[in-house]
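Engineer: Please put together the full structure from these sequences, using the hints given.
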Amino acid sequence: MELTFALRRKEIVEAEPMVTEVMERWPALFNEAEIREEFHRITNKDLMDSFRAGLNQHTSRLLQLYRAKRTTLPAEMDQLLNRLDEETSDITMHRQTTALKGLPFYLRDSHEKLFRSCL
Numbered sequence: 001m002e003l004t005f006a007l008r009r010k011e012i013v014e015a016e017p018m019v020t021e022v023m024e025r026w027p028a029l030f031n032e033a034e035i036r037e038e039f040h041r042i043t044n045k046d047l048m049d050s051f052r053a054g055l056n057q058h059t060s061r062l063l064q065l066y067r068a069k070r071t072t073l074p075a076e077m078d079q080l081l082n083r084l085d086e087e088t089s090d091i092t093m094h095r096q097t098t099a100l101k102g103l104p105f106y107l108r109d110s111h112e113k114l115f116r117s118c119l
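The sequence shown runs 1 to 119 under full-length UniProt numbering.
In case anyone wonders, no lab produced these hints; they're calculated from the structure.
Check before you lean on any hint, since a few could be wrong.
[Said to hold, decoys possible] With a Cα cut of at most 30 Å, we get these calculated DSS-like pairs of lysine-lysine:
| id | residue 1 | residue 2 |
| --- | --- | --- |
| 1 | K10 | K45 |
| 2 | K101 | K69 |
| 3 | K10 | K69 |
[Stated by the list, open to error] DEER-style ranges, computed between Cβ atoms:
| id | residue 1 | residue 2 | range |
| --- | --- | --- | --- |
| 4 | S89 | M23 | 21 to 27 Å |
| 5 | L107 | L47 | 17 to 23 Å |
| 6 | F30 | Q57 | 24 to 30 Å |
The beta carbon of each residue, even a glycine, is placed where N, CA and C say it ideally should be.
Structural biologist: The structure is reproduced here in structure tokens:
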């Protein structure tokens with residue numbers, strides 16, 4: 001994929017193909033390892049490091065939003081927040097996990113659909 005990067009980038013930028021066309025032409029772009037590599041080729045940054053940095057940056061605000069909307073969200077959100085409040089160790093990890101698990105409730109989408117589309 002490294003060798004074809006320039007061609008692939010040119011095709012995608014100029015032709016703006018549909019995702020299905022990209023899948024047919026460049027199927028490797030749709031596996032996790034290659035997504036990470038492609039991200040690095042484009043940005044010269046590690047995808048997971050960027051994701052974690054973004055998560056660290058937005059976790060507090062997401063949790064504030066969840067708490068503010070707590071009464072209008074499903075009971076599962078309340079359970080998530082209650083479990084977080086009970087945690088006493090590795091708080092940062094639990095806050096990040098709650099921020100991610102709470103997204104489908106806040107967005108009013110199914111867990112399966114949201115996380116499947118993120119993989």
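Engineer: Okay, which hints does this one fail, numbers in order?
Structural biologist: As far as the earlier hints go, 3 and 4 are violated by this structure, in ascending order.
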